[in-house]
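So the chains spell out like this:
Protein chains: 2
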Amino acid sequence: MSRRFGLSVALATAVEDGGKIALEAMIVQARRCLDAGCSSVTLFGTTGEGCSVGTQERERVLAAFLEAGIAADQIVVGVLVDAAEDAAAQAGHALERGACNILLAPPSYFKNVTDEGLFKWFSAVFTLLGTRARDIIVYNIPSVTMVPLSVSLIGRLRSTFPEIVVGVKDSSGDWPYTESLLGAHGDLIILIGDERHLARGVRLGGQGAISGVANFLPLEVRAMAEEGHDDGRIEDFVGELLNYPVTPAVKVMIARMTGDDVWLAVRPPLVPISGEGCEKLAAAFDALFRAKAA
Amino acid sequence: MSRRFGLSVALATAVEDGGKIALEAMIVQARRCLDAGCSSVTLFGTTGEGCSVGTQERERVLAAFLEAGIAADQIVVGVLVDAAEDAAAQAGHALERGACNILLAPPSYFKNVTDEGLFKWFSAVFTLLGTRARDIIVYNIPSVTMVPLSVSLIGRLRSTFPEIVVGVKDSSGDWPYTESLLGAHGDLIILIGDERHLARGVRLGGQGAISGVANFLPLEVRAMAEEGHDDGRIEDFVGELLNYPVTPAVKVMIARMTGDDVWLAVRPPLVPISGEGCEKLAAAFDALFRAKAA
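From first to last, the protein sequence lines stand for chains A and B.
Position in the first sequence (first residue = 1) + 1483 = my numbering.
Position in the second sequence (first residue = 1) + 1483 = my numbering.
Hint data in this document are derived by calculation from the structure and do not stem from the laboratory.
Worth double-checking, as some hints may not be accurate.
The list treats identical chains as one, so a pair stands whether inside a single copy or across any two.
[As the list claims (entries may be wrong)] EDC-like cross-link-like pairs, simulated, lysine to aspartate or glutamate; straight-line CA separation at most 20 Å: (1) K1603 to D1618; (2) K1603 to D1500; (3) K1763 to D1500; (4) K1503 to D1714; (5) K1763 to E1646; (6) K1594 to D1744; (7) K1603 to E1550; (8) K1503 to D1743; (9) K1603 to E1710.
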């Protein structure tokens, strides 16, 4: 792939009151983000509550997206399950349907695992994928998984699977780690998950982001992810978001932007943000982004 | 169910070099434990590396056990997945085939979740199970999941789902929690996962255990789980085991007891214990359990 990865929106998953996925709202939101210049949409990442979307549901969502005319090569699919068999089944299904990349998290039930164990787990998934294995972006998000992916593990994976492991999404929020990753593996697709480090990482060779904030600020995040432009407003607003569980907070902002309250619902074990929290988020957003436009 | 739960062995999952599950070794081990007085076998718990066994594999293992003549009502099935849809699919399959209980862990990808979110997650699983929902033992193992189940959450679950939520496996290793659980919900099946607290818990009304140590010391753990007998040797040996990741350590002991090296293998992300570690475990075991028999 010679084109830069650019900005992929970590698409939120819309759910109805009864818990069903609201496909139409998701497709509308995906189109809006693509129209605003996102290079792709990422389904079932952390912001997309991927861990809460079952195997059958995932297939229904992907089918609906393709049927709605969203191009397969603009769809990244997150795989956040522990069993190598299930990870390969989910990834294989998406790759067969043409997804451009798989965002593959390490297994996270067991803690304190070794690089050797993680290497073998990824190897097992790739073996099960067989000839379907391609375009894997490994996913480092230790604040959630508690399972960090070391720079040396990534070196071992890329040298053993050079045609398969093409990138890393780094949501560590740990700048020294990000910097060492860019230094050691900057020829891979390095994506910076923490928007506060995004522009700086892109200037050091990062290829962009899979970003939750792109759900409601796609143009602004794009300028960071494509051109490495600093944006203090985004940095400040991410600080506000982090006062809340991130996924419901992102959904509050989508609901506000679209006027569609379907976005306020989350899947358990997450819960929606209180009315007071919604107001505080909105006020912080307006102070940063509306005041200057007025 | 009027009979006491008693002792269920948290059966280890035997895997061949290529990663396939060694069904015959597992069935032999299950029979050995049942013959030694275990009331049931628990498949796919934490010791059984349940998080590493895929949906299709689980069905093959359960089918093989039933075909081998192990009674369905002597089989407990662990379900350790995040998506309510997948949890209901796995639990429903086992319940339809007659499993006596489901050991159901909370979703563990997201951390810092609320009781409200967990209550809704369990509710979603039970709703998806529909009329199949029965005999659920909820699984508290916060050292692994990082998602504790509070005593009040268990109260809410049992009062809302009195015909479904029948017990708690408490692997917190936190005696004050165990004591408060027995005080508040001692009429449920309370199972004590930490063998060092087992006898004491049983004397306070606990109904037994799902125990990894029962893989190689079934008679000794049974005396604790059925009669509340203290056994300082078990307490000391659990202390030794906890110097290592527990699942590979249990497998070292099964390999030694059976002479079958298939038990030394683990699934990634776990890795086997070093030769030196194996020797230390064996020496500790012999010092505690063989010396007195000599």
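Hint-by-hint comparison with the structure:
no.	hint	in the structure
1	K1603 to D1618	within (18 Å within a copy, 36 Å between copies)
2	K1603 to D1500	between (40 Å within a copy, 12 Å between copies)
3	K1763 to D1500	neither (24 Å within a copy, 55 Å between copies)
4	K1503 to D1714	neither (36 Å within a copy, 51 Å between copies)
5	K1763 to E1646	neither (46 Å within a copy, 42 Å between copies)
6	K1594 to D1744	neither (37 Å within a copy, 25 Å between copies)
7	K1603 to E1550	neither (36 Å within a copy, 32 Å between copies)
8	K1503 to D1743	within (16 Å within a copy, 48 Å between copies)
9	K1603 to E1710	neither (37 Å within a copy, 43 Å between copies)
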